[in-house]
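Colleague: As a plain string of letters, each chain reads:
Protein chains: 2
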Amino acid sequence: MNNLDLIRSLAIPSDSKIIFIVMDGLGGLPHTETGKTELETARTPNLDRLAARGICGLIDMVSPGITPGSAPGHLALFGYDPLEYNIGRGVLETTGIEFDFHKGDVAARGNFCTVDASSLITDRRAGRISTEICTELCKLLDGQKIDNVEILVSPVKEHRFVIVLRGENLRDELNDSDPQQTGVAPRPVTSKHSIAGETANIVNKFIDYAGRKLADNHPANMILLRGFSRLPDITPMSDIYLLKPAAIASYPMYRGLAKLVGMDILPTGSSIEDEFNTLRQNYDRYDYFFLHVKGTDSAGEDGDFARKVRVIEAVDEAVSALPAGDDDVIIVTGDHSTPAILKGHSWHPVPAVLYSKWCRPDQANEFSERACVGGGLGQLKATHLMTFAMAHALKLTKYGA
Amino acid sequence: MNNLDLIRSLAIPSDSKIIFIVMDGLGGLPHTETGKTELETARTPNLDRLAARGICGLIDMVSPGITPGSAPGHLALFGYDPLEYNIGRGVLETTGIEFDFHKGDVAARGNFCTVDASSLITDRRAGRISTEICTELCKLLDGQKIDNVEILVSPVKEHRFVIVLRGENLRDELNDSDPQQTGVAPRPVTSKHSIAGETANIVNKFIDYAGRKLADNHPANMILLRGFSRLPDITPMSDIYLLKPAAIASYPMYRGLAKLVGMDILPTGSSIEDEFNTLRQNYDRYDYFFLHVKGTDSAGEDGDFARKVRVIEAVDEAVSALPAGDDDVIIVTGDHSTPAILKGHSWHPVPAVLYSKWCRPDQANEFSERACVGGGLGQLKATHLMTFAMAHALKLTKYGA
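The listed protein sequences derive, respectively, from chains A and B. Be aware that the first sequence starts at 1, since it is given in my numbering, and climbs by one per residue. Be aware that the second sequence starts at 1, since it is given in my numbering, and climbs by one per residue.
No lab work stands behind these hints, which were simulated from the structure alone. For clarity, every value in this text was computed on a predicted model and none was experimentally measured. Accuracy of the hints is not assured; some may be wrong.
A pair holds if it fits inside one copy or across any two, identical chains being indistinguishable in the list.
[Stated by the list, open to error] Listed below are the simulated DSBU-like cross-link pairs for lysine-lysine, each with C-alpha atoms no more than 30 Å apart in a straight line:
no., residue 1, residue 2
1, K381, K357
2, K398, K381
3, K381, K36
4, K103, K139
5, K103, K259
6, K343, K244
7, K343, K381
Could you build the full structure based on these sequences and the hints that come with them?
Modeller: And the structure:
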């Protein structure tokens, strides 16, 4: 039995709420001068108090030593094994623009590009046309119907867009049309298995249509498609955990990911304060909250150690005014590490703290990577964090008699 | 997806090198007088420095509580799950003599034995004949061709030898001819599945031939065979990790194991100094080195606590002059524990230290079993050590977007 089936078979309702605060890219590495990580440098009296009264640990999102992308990192936090539930590139791009993705849809990422008179690619990004022009061109291509399949085209940013095929029996076992180089022609889309042959045929008809429609639109006179993918078959969180889940995230991609697992998306502002206000305002309406903070990751990616420290301190401040009730479970963690000195995602396990009145105390008295090493959660597969949240919220009955 | 498939899908090249130093049987148990293990007793300033700057942990080679043989222990260190990749006894014996084993070959371990006039076994080891005599007798039997199958016979030591069958469609689902007792006749080789019937037939013809050929060679007038096995289908390390791997090992069996996973075998001398010199001389030619030290295990097997301590100290000395560059990853560990007071392999997890400039520091400031308990690697499946080596060498891209 996989872990989700086990949880699903044991889930029971309770009055407790679960508040899951995710600081994107939280885990760090020591500053070369101080020997302290971003989290260890930040002044975090409120998070330290949670750590002292709760249990701490280090979590592996995918498996030990593997650097997670944002999608696998978040799926793991929601309890879905990212090695089992794979979100393809095309689908992920649609989550980023909050496209209303349906089951059975096939998505792909698209580029407007430039081809010469012999149909050879001269610029894979069509001179990075503006988002406005991209939006216009998408309107031009959007809504075609080919062999009973509807083809939806939506802008993303600059030369980037998504296409979504909607119809019966569509498959995603398709190779890219994007050759990833210039001086050659776009490839016809081919199927990886014969079962996808018909879908390939439809896509090629659409590419052909797009080429004709865009002919006079130099530099954006052709399209390139890649990352064809369908939605994996994801059972919503409400069915597994018997929870009513809500997401609070100022960045569209994380709202999109939350929607894939069936969360309600709460409108919010762009600041950390806005997000925590949204949590307070909706506290009575839901019993699971995913609150996503982007700033930690952005600062890490920029290599800005000090800014990452400040974002952590802002979250600490906000945590002081959480509306949590006596029976609630509060988790603070990240979806992966983004050490400022690495300027990117890393494989280092992510610090996590879980607070509930039912925690068995451990030795960790502050929220830091170092203290988490010896914490009561140990070194943990990330999918188990949601199990612990459910357990401490008294939302799981026992297994076996 | 299994771990090797995952690694293979994420591996990318980088300039860093991975130096993997294996002290055979490193893990120990406390001396009854001092309460300190062999590693804790040894003076190891250089290993302690690696531990202070790197991350430590305890590794389980097969699974918790399971005592590993040398083959599973090493396969796990190379990243191959030993429960999935099983090296049969026959194959392992051929690795010990560096036999040029081909894919599809079937190997078995052989004993020369003594039978009486009624063909009953009187001595399973033929009075432990000398290796010289064994070598002569193997020449007598070597190179037969039976039903288009070539039968190669090579001496190992004293009464022990290996046979290797080479031909088409050979199977290894065969029972031993060795009854493991005297006073009975050797058993005819039978097949475990009908698919191996033809191979059994060929082996029995060979045993018959050997019996006739050896009839006048008392005490070595018959052979016993056991441990029929084929090579498992092992993807070479170069294909999985995109590494150019080399092995430095003074003992043939470890060179053989390294060859099974596709390492180049570097000629070296018999001392620890020789082995580290070989590493220095070849440093520029490879980006993964497996350096094997046998002395720790031999001392442990002999119950010689003090000698095991001295071998560890010699390795510590050699580590001080490692040729590692700034981006390199250094790992020091063992393939299993061989506590001197147990005089044999044991199930105790094995101390490991990984040093790289990208380590997130932990509290372990010396290389010892005790310090490893609280280390940043935690208690780890051994196959993940190679994942961590790859991660710290920046040789893995991220999983998912």
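Colleague: Please sort K103 with K259 into within, between, both or neither, judging by C-alpha distance up to 30 Å.
Modeller: within (13 Å within a copy, 49 Å between copies)
Colleague: Within, between, both or neither: how does the pair K343, K244 come out at a Cα-Cα threshold of 30 Å?
Modeller: between (36 Å within a copy, 28 Å between copies)
Colleague: Please sort K343 with K381 into within, between, both or neither, judging by C-alpha distance up to 30 Å.
Modeller: both (24 Å within a copy, 29 Å between copies)
Colleague: From the Cα coordinates, with 30 Å as the cut-off, is the pair K381 and K36 best called within, between, both, or neither?
Modeller: both (25 Å within a copy, 28 Å between copies)
Colleague: State whether the alpha carbon distance between K103 and K139 is at most 30 Å within one copy, between copies, both, or neither.
Modeller: within (23 Å within a copy, 59 Å between copies)
Colleague: Have a look at K381 and K357 and pick one of within, between, both or neither, based on CA distance no larger than 30 Å.
Modeller: Intra 23 Å, inter 25 Å, cutoff 30 Å: intra and inter.
Colleague: Is it within, between, both or neither when you check K398 against K381 at 30 Å Cα-Cα?
Modeller: Answer is both: 21 Å inside a copy and 17 Å across each meet the 30 Å cutoff.
Consistency note: the structure conflicts with none of the earlier hints.
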